[in-house]
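Student: Chain order of the listed sequences is D and U. Going left to right, the first sequence walks through residues 97 to 370 as the working numbering numbers them. Going left to right, the second sequence walks through residues 11 to 455 as the working numbering numbers them.
FYI, nobody ran anything at the bench for these hints, they're computed from the structure. Please note that a few of the clues may not be correct.
To be verified - No farther apart than 30 Å at their CA atoms in a straight line, the calculated lysine-lysine pairs in the DSS-like style are these: (1) U:LYS115 <-> U:LYS356; (2) D:LYS361 <-> D:LYS104; (3) D:LYS257 <-> D:LYS193; (4) U:LYS446 <-> U:LYS250; (5) U:LYS172 <-> U:LYS250; (6) U:LYS215 <-> U:LYS273; (7) U:LYS446 <-> U:LYS273; (8) D:LYS314 <-> U:LYS83; (9) U:LYS273 <-> U:LYS189; (10) U:LYS369 <-> U:LYS310; (11) D:LYS357 <-> D:LYS286; (12) U:LYS369 <-> D:LYS158; (13) U:LYS94 <-> D:LYS158; (14) U:LYS94 <-> D:LYS314; (15) U:LYS310 <-> D:LYS314; (16) D:LYS314 <-> U:LYS356; (17) D:LYS158 <-> U:LYS310; (18) D:LYS158 <-> U:LYS83; (19) U:LYS189 <-> U:LYS310; (20) D:LYS314 <-> U:LYS369; (21) U:LYS115 <-> D:LYS314.
None of the values given here were measured: they were computed from a predicted structure.
In case you want the letters, here they are:
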Amino acid sequence: MKTSPLSKTFIYGLLGIGSILMLLPFVWMISTSLKSGNEVMMMPPIWIPETFRFDNYVEAFKKAPFATYFLNSVIVMVLSTLGEVITTILAAYAFSKLNFWGKDVLFALLVGTMMVPGEVLLVPNFVLLSNLGWIDRYEALIIPWTASIFSIFLLRQFFMKIPKELNYAARVDGCTNFRFLWSIMIPIAKPAIVTIILLKAIGSWNAFLWPLIVTNSKEMRTLPVGLTSFSTEAGTVYELLMAASTMIILPMIILFIFLQKYIIKGIAGAGIKG
Amino acid sequence: MKKFSLLVFLLMVSVLLVACGDDKEEGNASNAASGDKKQTETAKTETTEPVEIEFWHAMNGDHEVWLEDAAAKFSEENENITVKLVNQGSYGDLSQKLLAAAKAKTSPTIAQAYAEWMTEYNANNLVVDLAPMINGENGFPADASYEDISEVFRVDNTFGDKVLGLPFNKSTRVLFYNKDYFEANGLTAPTTWDELAAAAKTLTKEIDGKQVVGMGFENGLAHEISMWFEQAGGDFVDEKEGKVLFNTDAGLRALTFIDTMLKDGSARMAGEDGYLSGPFTRGDVAMYIGSSAGLAYVAKDAGNMNWSTAPLPKDVEAAAPFQGTNITMFANSTEAEQAAAFEFMKYLITPENTVDWAKATGYLPVRESAQQGQDWLSFIEENEAYQAGNAQYADGFIDVRLPGSYAMKNAISVELDKMLFEGATPAETLEAMSTKAQEALDQAK
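So that you can see chain D by itself, here it is in the shape it has in the complex:
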């Protein structure tokens, strides 16, 4: 199918507008991070500050031990993502390709838990972790997040689209379940798995309430918690907040650039024939 130049212009124009809309908040963030306190809320808005105040970055980083927070964020993100990927792959395989008693009931029960809003569980979960003695330790930050029903659901649907015949053929050749999962299913499902990794990594990187609730010492806190240093009772110091946010968001942007090929596949893949 050939697209006419006119419709091509239209499509590119639309995509261009879309990308500007997506980029605008980032530009605003960076521009704000270089402003003086007075310029932040100025009406009409100022896009380019009068003087670029790079000092904001220095000042922002003095407000909290961001190096420690950064390290913690990385540790928590890597380990909880790793944990989630492992549990997700195993569970999704079991729910899609294995037959065992009560499989559908169990799955319905798990999916049912997605209906319970997280806020309701905050206090009971805190009490549980407190009884386990995990408060203010990495265990509390990581272990509760090493399984996600949503990811299992996502990957199960992906696995179900992989034809049974592959499984039969592998069995005939004497392939074990684990070998089949490792050598055939995972490579096929790579885009879906990368999507899960990415969603998890971003979620973990941005998580605020949970890390705040389960930690007490500065040594255990993560970057988003550090951002509260800039909010005071009488208002927020936006220029410093944005300076810190710019630095914090950088790793996520780098991750996105490297993995974007997979994300697009993973999301678009849902519509591709099996």
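Since chain D is already given, all that's left is putting chain U on it; use the hints.
Tutor: Chain U alone, transformed into the frame defined by chain D:
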């Protein structure tokens, strides 16, 4: 169809399980509170042993820096006591975390808390009555007595015959005004509502090429609405009876006053700006009523603009709300921890420290001797903006502390916003506010 009904059934079961699970937790928590109390009573006091106390707070930025310095100095003077400061984010986060910790029996030794929260803690026996310590041999020294703390703050912490906290970061509302604008138009800071309305009208015009609005109201106007009712000569809530009292002519007068200014354009809400310190320091509004805790914030951004504060304008009466948190002590701590924490609580509000804190932050000194002391008086002499707060103690009143007062405030806020943002009339708003507020209070009874 069969599968679907199975799914529905399972969902119901899981919801039930969750609901039951929660109930159990609550039961445990209240049992726990009484259990802990017993533990405390049997604990031995060993003042010579090193003690660590944990203080949960919501102080950020420069406020936190001051607190860290104070804790370090305190530990130097009291070698056996280590104060572990734990920043728990905003007040909302702190409140949530205190709730979770109370249920898990892992409350800190002390924490910042609004009197409203303390009402709840008291009902669940979570906090310690400080009265025995205050009156005991390690109570307040004679030159910095408990009675020296301003009455309005002592009342805030007194629940029946119990004293459940000591004041820490206390603020009041003051009128911030742009001196340049006022002087250029031959005006002085308004002292009455009528003067306020007139000044707002005069100053709502183009000044130096900028469209200025005379008066600004913070978005949280609902939280200070009691102040307007009191100033109009009305009452807010009867704490003893739990009855809403503001559906009167005075109440209507207050709402009409605000509504008229908003309608004729001589006043605006903070709106998208969040807080008025921004529009004020940019010169977009000529005056606004806001927290004295915002002083340092306004000073930071004001640049070379001339500004100051004035006591709140009055109508029939002068009335100034005093707000901010106290420090309360939790019951699941040992006697040694409690004794150490009490020392720290006293330390934070010694006459010297409460003045030092006030200078650094814009909060108020909580002691009368400090408010009238040379140190503070010469400071406010030099820093005019800090004077207004000091002039208002006599007219001070505190927030309602009934169970359900949080829900009541939310209900009031919802109804008031209809007038502020959606054009509802003052009369219907007052009626709705009163009904909904009473409902909220009745529900908590």
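Student: All hints are to be evaluated individually against the structure, with a verdict given for each.
Tutor: Outcome of the hint check:
| no. | hint | verdict |
| --- | --- | --- |
| 1 | U:LYS115 <-> U:LYS356 | holds, 25 Å |
| 2 | D:LYS361 <-> D:LYS104 | holds, 23 Å |
| 3 | D:LYS257 <-> D:LYS193 | holds, 11 Å |
| 4 | U:LYS446 <-> U:LYS250 | holds, 19 Å |
| 5 | U:LYS172 <-> U:LYS250 | holds, 16 Å |
| 6 | U:LYS215 <-> U:LYS273 | holds, 15 Å |
| 7 | U:LYS446 <-> U:LYS273 | holds, 25 Å |
| 8 | D:LYS314 <-> U:LYS83 | holds, 20 Å |
| 9 | U:LYS273 <-> U:LYS189 | holds, 25 Å |
| 10 | U:LYS369 <-> U:LYS310 | holds, 14 Å |
| 11 | D:LYS357 <-> D:LYS286 | holds, 11 Å |
| 12 | U:LYS369 <-> D:LYS158 | holds, 22 Å |
| 13 | U:LYS94 <-> D:LYS158 | holds, 20 Å |
| 14 | U:LYS94 <-> D:LYS314 | holds, 11 Å |
| 15 | U:LYS310 <-> D:LYS314 | holds, 27 Å |
| 16 | D:LYS314 <-> U:LYS356 | holds, 26 Å |
| 17 | D:LYS158 <-> U:LYS310 | holds, 18 Å |
| 18 | D:LYS158 <-> U:LYS83 | holds, 21 Å |
| 19 | U:LYS189 <-> U:LYS310 | holds, 17 Å |
| 20 | D:LYS314 <-> U:LYS369 | holds, 27 Å |
| 21 | U:LYS115 <-> D:LYS314 | holds, 22 Å |
Checked against the numbered hints given earlier, the structure satisfies every one of them.
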